[in-house]
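Peer 1: Sequence:
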Amino acid sequence: MTRRAATWAAALFLALAGCQSVMDTPAPAASRVNGLIMLIEFEGIDGVRHWERELDRRGLTALVQAQDNVLRQWPADFRRLASKGYVISGLHAETPFWDVPYEEQHRLMKQVKETVEGLTGRPMRVFGSRYFAYDENTLEAADALGIEYVLARGTAGERAIVYAPREHRTKVISVSNVPFKEMGTGSLCDYSLWARGSSDEDFASVVERVIALAPSDMILVSHAYLGGTKIRWWRTYEAALARSEVAWRGFDDWLRATRQLAIANADVPVNREVKYVAPKPALPLGELEDIPGVRQAALPADAFGACQ
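Every letter in the sequence shown is one number past the one before it in this note's numbering, and letter 157, counting from 1, is 157.
FYI, nobody ran anything at the bench for these hints, they're computed from the structure.
Heads up, some of the hints might be wrong.
Derived DSS-like pairs (lysine-lysine); straight-line CA-CA distance at most 27 Å [unchecked claim]: (1) K171 to K113; (2) K110 to K171; (3) K84 to K171; (4) K84 to K110; (5) K113 to K84.
Source: prediction; values computed, not measured.
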């Protein structure tokens, strides 16, 4: 082989090796969906514990929102989750914070904050009310209480967005939102579909479609007493967690990967659409097949409308 031929052969080998390296390497994080898991719980602990085991196996954590009765009944679980890096969000499920006076919002938010911080020993950084509702009074109360984020209904379809209103220190996390035909839109959440009469197959199709759309940022929500205890609903989450198109992250890493939008509060879009209140599932929770080894949880009466 001549020197020139040897040189071309070496160059070709290096080029092919480089191509193979690129093909064998997963897509860079910047080109993948920035995904966050959020758990909601109102009654039991079995679903939360199942999620914890599964996320532990994957080296992941989640944003967790539990009602105060759950926090008080299983404080050790939430202290443990907080120690692992899970962010425990405050929740006031009884009232949507739309057009509620500032003083009342501040009082209720302060009560929730004291409960969460007293049990976890960590600052309560996130808060949400019924339907993920908020208004200017919510932001002012959160500012006064040092709460970093409030949760909001989706405003940009399947894409989750973090708004940074210039007039406030508190930021707004607008969750992923999907359409449900005549039932309006709702969160990307097992409960949202189940309560509208959809099946686990419908839920799987919705999640598949959202991932295929490749939003830059996504929040996938589970009411843990449903997605964490019922096998056919859990399988959709299990499949989503395995998708290479999504870079699943804990709360702070997810925030760092988002492109926060700093605009005037008057320009932050607000979604107040709630087209139904009473759930109309095709199958009651008690008739859904359990995950083996995970005790069945009954649907709490006050869960209705929590994640619509």
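Peer 1: Hints first: check each against the structure and report whether it holds.
Peer 2: Cross-check of the supplied hints:
1. Proximity of K171 to K113 is assessed by CA-CA distance (about 17 Å); at most 27 Å being required, the pair is judged to hold.
2. As the CA atoms of K110 and K171 are separated by approximately 18 Å, the hinted pair is consistent with the 27 Å bound.
3. Between K84 and K171 the alpha-carbon distance is near 24 Å, which keeps this suggested pair within the 27 Å criterion.
4. For the suggested pair K84 and K110, the alpha carbons sit about 25 Å apart, so the restraint of at most 27 Å is met.
5. Proximity of K113 to K84 is assessed by CA-CA distance (about 20 Å); at most 27 Å being required, the pair is judged to hold.
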